[in-house]
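Sequence order for the protein chains is A and B.
My numbering puts the first residue of the first sequence at 2, with every later residue one more than the last.
My numbering puts the first residue of the second sequence at 355, with every later residue one more than the last.
Simulated from the structure, these hints should not be mistaken for lab results.
Every residue gets a Cβ at the ideal spot worked out from N, C-alpha and C, and that includes glycine.
Heads up, some of the hints might be wrong.
[To be verified] A short list of chain A residues far from chain B (calculated; beta carbon distances all over 10 Å):
| # | residue |
| --- | --- |
| 1 | L192 |
| 2 | A204 |
| 3 | P237 |
[Unchecked claim] Straight line, CA to CA, 25 Å or less: simulated SDA-like cross-link-like pairs of lysine to any residue:
| # | chain 1 | residue 1 | chain 2 | residue 2 |
| --- | --- | --- | --- | --- |
| 4 | A | K109 | A | D148 |
| 5 | A | K15 | B | W438 |
| 6 | A | K15 | B | E470 |
| 7 | A | K15 | B | V476 |
| 8 | A | K15 | B | G473 |
| 9 | A | K15 | B | A434 |
| 10 | A | K15 | B | K582 |
| 11 | A | K15 | B | T507 |
| 12 | A | K15 | A | A235 |
| 13 | A | K15 | B | H459 |
| 14 | A | K109 | B | P510 |
| 15 | A | K15 | B | G461 |
| 16 | A | K15 | B | A436 |
| 17 | A | K15 | B | H409 |
| 18 | A | K15 | A | P253 |
| 19 | A | K15 | B | P474 |
| 20 | A | K15 | A | R30 |
| 21 | B | K582 | B | T507 |
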Amino acid sequence: MSDLLLGAVAYDPKVVTIWSGFRTWLLSRNLPFDFVLYAHYERQAEDLVAGRIDAAWHSPLAWLRTRRLARAAGVEVRPLVMRDTDRDLTSVVVVRADAPVATVADLKGETVAVGAADSPQATLLPLHHLGELGLVAGVDFHVLRHDTGVGLHGDHLGGERDAARALMAGEATAACMVDAGHLLFGREGILPPGATRLLTRTAPYDHCVLAAGPTLGPERGERLTELLLSMSYADPEVRHLLDLEGLTRWLPGRESGFARLGAAIDALGLYDADGRITADGHRP
Amino acid sequence: MTPGAVPLDLAGLGFEQGAHLLLRRALERVPPGGRVAVRGTDPALPAHLAAWCRHEGHTVRPAPPGEAPVRAHVRRGDAAPARWAGAERAGGPEPGRAAGRAPLHWGLAARGALVEAGGPVVPFTLTERDQVWTDLAPRLYRQAAAAQWDPLTAVPWEADFTLPDEVEAAVVQVMTYLVENEQAALVIPARLLVQVHPHFREVLQLLAVQAADEARHVEVFTRRALLKDGRMGTSSAGGRASLASLLTEPEFSLASFLLSVLGEGSFLALLSFLERHAPDPVTRRISRLVHQDEARHVAFGMGHLEHRAGVDPRLRGRLRAAVERRHDALAGTAGLNRDVSDALVLLAAGSWEPAAIARGWHAVQRLQAEMDQGRRHRLTRLGFPDDEAAALSALHTRNFM
Chain A
2 MSDLLLGAVA YDPKVVTIWS GFRTWLLSRN LPFDFVLYAH YERQAEDLVA GRIDAAWHSP
62 LAWLRTRRLA RAAGVEVRPL VMRDTDRDLT SVVVVRADAP VATVADLKGE TVAVGAADSP
122 QATLLPLHHL GELGLVAGVD FHVLRHDTGV GLHGDHLGGE RDAARALMAG EATAACMVDA
182 GHLLFGREGI LPPGATRLLT RTAPYDHCVL AAGPTLGPER GERLTELLLS MSYADPEVRH
242 LLDLEGLTRW LPGRESGFAR LGAAIDALGL YDADGRITAD GHRP
Chain B
355 MTPGAVPLDL AGLGFEQGAH LLLRRALERV PPGGRVAVRG TDPALPAHLA AWCRHEGHTV
415 RPAPPGEAPV RAHVRRGDAA PARWAGAERA GGPEPGRAAG RAPLHWGLAA RGALVEAGGP
475 VVPFTLTERD QVWTDLAPRL YRQAAAAQWD PLTAVPWEAD FTLPDEVEAA VVQVMTYLVE
535 NEQAALVIPA RLLVQVHPHF REVLQLLAVQ AADEARHVEV FTRRALLKDG RMGTSSAGGR
595 ASLASLLTEP EFSLASFLLS VLGEGSFLAL LSFLERHAPD PVTRRISRLV HQDEARHVAF
655 GMGHLEHRAG VDPRLRGRLR AAVERRHDAL AGTAGLNRDV SDALVLLAAG SWEPAAIARG
715 WHAVQRLQAE MDQGRRHRLT RLGFPDDEAA ALSALHTRNF M
């Protein structure tokens, strides 16, 4: 069996620790496994569809682009596993507690701070959510973007952290972030407890997914899936890796949690139906 | 309220202010799969509860409207107990419950702590209790901690005295010699300390205080040397060779034997001699203070070697070989600095009168005999027959330490 080659995006130095550790663990269970690191998700998605890697640890956006690229190329891709923490996330739109903003409609004409242009949780999903509630980004309100780590699809929380700072600095009336980010920034003191109010919250959505490309046959794909699903938080050999990666167990991949992000991509014009980048100036 | 759910009221407390502590405590009181019914008034509660539970491996569902003011049900996941699967107690906290062998993965964990599996391996060299232990260690540490003295206030530095120049020079020479010996006695326990698994913490504590004792000794001997003329005496190549040979012994028990039992043991007699013949109150006082500390160091060395000899019948052969090796290594060196031996004679004599020098000479002869007797006595306690104890004592360095 040749090496199963996985791609992962190096959004943080810990990615090396995590995948080197997983690699050792998988090799010890007789799965020939190797990995390569990408600087951003766009090339990783393209390489997965082109067969240069067998599998990819993908952001939700990269997964949706992969789906579109694969359809256009006539090849098969499929989700294998996801983290327990990838299911049913929500994003929140928050305002300062004392702001004269009672409803979403009050954001008309105001400035809304978001994360990086390609962040699902801090830009795409909340802006789409506001659109569903009747406010069109760039038309009904001004968008203040924080393009930290473009190409990392929001994995770098720096953009939404800057959005939170902009809110507290009075540069924006509202800010968008993932629910866990709101909690985190509260603990970090960027959003002092009680200083902000949740104006609205998106419907639940799913996040990262480990995707198989056209070169990963059923046998090796199932073997990788089976091994990852068998990883136990009780196993000290992998527990610290699971802690670093932010999960307590792997779950089977599912596709039901990406519909809204797909709609957001279309509405905001990031990719076309064939997965080509269509957003102006999107340079990872 | 759903039957079987444990109620939890967070009042106005938010998750960015510690609400998760209350929830975690409540979840610890239900089995995996069990539920906690959460109420609370923080507006961000639903979003934060979902984020926190997702991260911790618990699931959360909004409570049906009919259950108000309960806002959500949290179902306990099994990640938290899984973290402690395979955890083990690192022995017991009391000295008597120290493990016979401390595994490297216990690392820096407190003795008796519940140690999560999977921590880093810390490569301490000495992991077996018998390699380092003595049951005296806890008591000696308590004594050592209680007997620490302040060099500034414990010594009468302001005492008014003036010695004849040559007697002062003799004191300076002896102090200079003592400083280099005490520097060896500082470095050796410090080196041994870093090798010992912290599970045997009383041994670490004792070695740490021993090194700190020597740091004070270095300070007071230096200060006495400089008290009148501001100059140090001489350091001979032979004396330094003898001390350097102590540093080359890597094995804990053998290093402890050469330094504490033979070297510091001999120094007990030297310090008594200096207290007896000190020509001034400062020298007398520091000799006494240092003697108290050194006696403790000797007791630790003896205690450890008696313990180890009791479990390792081959120890005595290795102790003998260590003495012989050191003797051979020093065979071509001059031994005690002649300036030091002359100074000791003059201190005991008190003047250059021939009769006084005869008394001084005799006193130094007696000192050497006392050192020899002390060494033989300790060797006998360690189980050496009298004749072998005498032979080994005779091989000890002429530099005393």
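Q: For the pair supplied as a hint, K109 of chain A and D148 of chain A, confirm whether the alpha-carbon distance does not exceed 25 Å.
A: holds (23 Å)
Q: Measure nothing beyond the straight line between the CA atoms of K15 of chain A and G473 of chain B; if it is 25 Å or shorter, mark the hint as holding.
A: holds (17 Å)
Q.
Next pair to validate is K15 of chain A with P253 of chain A; report whether the Cα-Cα distance is within 25 Å.
A. With a Cα-Cα distance of about 24 Å, the restraint between K15 of chain A and P253 of chain A holds, given a limit of 25 Å.
Q) Is the straight-line distance between the alpha-carbon of K15 of chain A and that of H409 of chain B 25 Å or less? A) holds (18 Å)
Q) Going straight from one Cα to the other, do K15 of chain A and K582 of chain B come out at no more than 25 Å? A) violated (62 Å)
Q) Has the given pair, K15 of chain A with A436 of chain B, been kept, meaning a C-alpha gap of at most 25 Å? A) Holds. K15 of chain A to A436 of chain B sits at ~23 Å (cutoff 25 Å).
Q: Would you check the hint for K15 of chain A and R30 of chain A, treating anything up to 25 Å between C-alpha atoms as holding?
A: OK: K15 of chain A and R30 of chain A at ~23 Å, within 25 Å.
Q. Regarding the pair K109 of chain A and P510 of chain B, is the alpha-carbon distance no greater than 25 Å?
A. Given pair K109 of chain A, P510 of chain B is violated - Cα atoms ~83 Å apart, limit 25 Å.
Q) Does G461 of chain B lie within 25 Å of K15 of chain A when you go C-alpha to C-alpha? A) holds (23 Å)
**Q.** Minimum Cβ-Cβ distance from L192 of chain A to chain B exceeds 10 Å
**A.** violated (8 Å)
Q | Satisfaction of hint between E470 of chain B and K15 of chain A, Cα-Cα up to 25 Å | A | holds (22 Å)
(Q) For K15 of chain A and A434 of chain B, compute the direct alpha-carbon distance and say whether it is at most 25 Å. (A) holds (23 Å)
Violated hints, in rising order: 1, 3, 10, 11, 14; the structure is consistent with all others.
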